[in-house]
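Asker: Construct the entire structure; sequences and hints are all you get.
Throughout the sequence shown, residue numbering follows my numbering, covering 1101 to 1527 in sequence.
Simulated from the structure, these hints should not be mistaken for lab results.
Possibly wrong hints are sitting among the right ones.
[What the hints assert, rightly or not] Derived Cβ-Cβ restraints for the label pairs, each shown as a range:
1. G1382 to R1444: 25 to 35 Å
2. Q1479 to T1399: 53 to 63 Å
3. D1278 to D1178: 37 to 47 Å
4. Q1191 to D1278: 14 to 24 Å
5. E1113 to Q1191: 26 to 36 Å
6. E1351 to D1178: 41 to 51 Å
7. P1120 to P1324: 28 to 38 Å
8. R1436 to R1385: 20 to 30 Å
9. L1188 to D1298: 33 to 43 Å
10. K1464 to E1145: 26 to 36 Å
11. P1263 to P1120: 52 to 62 Å
12. P1120 to L1465: 27 to 37 Å
13. Q1237 to Q1191: 31 to 41 Å
14. P1120 to L1190: 32 to 42 Å
All values derive from a computational prediction rather than experimental measurement.
Virtual Cβ for every residue (Gly too), placed ideally from N, Cα, C.
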Amino acid sequence: MLGVGFSLHAEAEFLELTRPIIEDEADYFEVSPETLWRSDGKSLELNGYAELFAELKRRSGRPFVAHGLAFSLGSDPDDAAETRRLALWLQGLRQVQAVFDFQWFSDHLGWVFAAGLNPVFPLPLPPTREAAARVAQRLRAIQGVVPTTAFENPAGFFRLGEPDLDAAFWNLICEQGDAHLMLDLHNLYTESINLGVDPQEVLDQLDLDRVIQIHLSGGSESDPSWLRSRRVLRLDSHDTAIPEVVWELLEYALPRCRRLRGIVVERLNGTVEPADIPVLRGEIRRARQRLDARCLIATDPPPRQCPLPDGGGLSALQAAIVARIGDSNSFEDLCRADLPREAREALQHCDADGYRVTSLIVRKLRFERMCLADRSFEQAFDEQPEALIETYEDFARATPPTAWFPHEDARAYHQWRQGRDPGSPLE
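Answerer: Structure below.
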């Protein structure tokens, strides 16, 4: 048992603000490998934050675990471009693994890369045997670098495929991939709001002996103005205190997770103020108290579950979604797409409001990545925010998101802008 950890972010202000948590409270640390390398277009090398965190590891003697952002567990293993990208990602993971000796690796259940496009945000998979086999295959590939792997249950806004099959889907992935579940309780709560799942029912159907780590975090709500229906959805934004409903889920799950090795408290960089530090300290201590006080209980095996559909047409479905998800008004066009029967059936359960919110987030994340890659965007945003956003929207409509790395998208923006307006102040 590692204890209660804290998620680190590769940002100087975040690390300075959370120094009391890092130095005095966390038993171990979670980092995203992709934030520890940089690319020259052909290979990857470790960046300054890798050196900073390596020094923390040496000085503190505390262990690290990896939580990936874009290993894209559900991508098509037969896609040539995706095969090349995964090889590069695994190269980067080998470099950071050599430094940090991660206890385990996890990533989000879903997919990010498809048909040469990168929406940045993990998108859902249908609960089918086809999808489970893909995820299991990728987890096994990652096990060649970090022997112990896990996937994190999603926090989606829309689903693909039949409802009420999540637990059976996750159990099958664990079995086929010889993998673990990274149980995010705020994600489970988020899907109870957005998709109507019953969190306790899902927990009862899961093989909780597969849970290696639990994530605890807070979130917020979408703005009613985002949707014509004025519907409000839950956002897994990691920007507020852990809500009581998540603590209640922890109380229910903790005694049943007999092979648990740690709990991580998450907080997103850019959302922490000095007043939040006592709150974070209290959350870590509360989680540790509950972990220390838990009494493990014997649990029955998960109930026999209906077999998952075989699936089919997943790559075609992903290509159709990724080509349209940047346009928040594209849901009806997606539903009219010429797709295999199995893909059309998966779309029957897709929620239009959830699809639109996902689209808005995809556009926002692409913009934020470009701002991080090129500080001239920040200056332009400070001076003329509405003009920059309008120009960015034109760029996003005209330029598919093919970039693997943020600096590639920023370069594409400048090239597009120069062709349209050579006098642009961003040139």
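Asker: Now tell me if each hint is right for this structure.
Answerer: Status of each hint after checking the structure:
no.	hint	in the structure
1	G1382 to R1444: 25 to 35 Å	49 Å, violated
2	Q1479 to T1399: 53 to 63 Å	56 Å, holds
3	D1278 to D1178: 37 to 47 Å	22 Å, violated
4	Q1191 to D1278: 14 to 24 Å	23 Å, holds
5	E1113 to Q1191: 26 to 36 Å	30 Å, holds
6	E1351 to D1178: 41 to 51 Å	44 Å, holds
7	P1120 to P1324: 28 to 38 Å	37 Å, holds
8	R1436 to R1385: 20 to 30 Å	53 Å, violated
9	L1188 to D1298: 33 to 43 Å	40 Å, holds
10	K1464 to E1145: 26 to 36 Å	29 Å, holds
11	P1263 to P1120: 52 to 62 Å	43 Å, violated
12	P1120 to L1465: 27 to 37 Å	30 Å, holds
13	Q1237 to Q1191: 31 to 41 Å	19 Å, violated
14	P1120 to L1190: 32 to 42 Å	36 Å, holds
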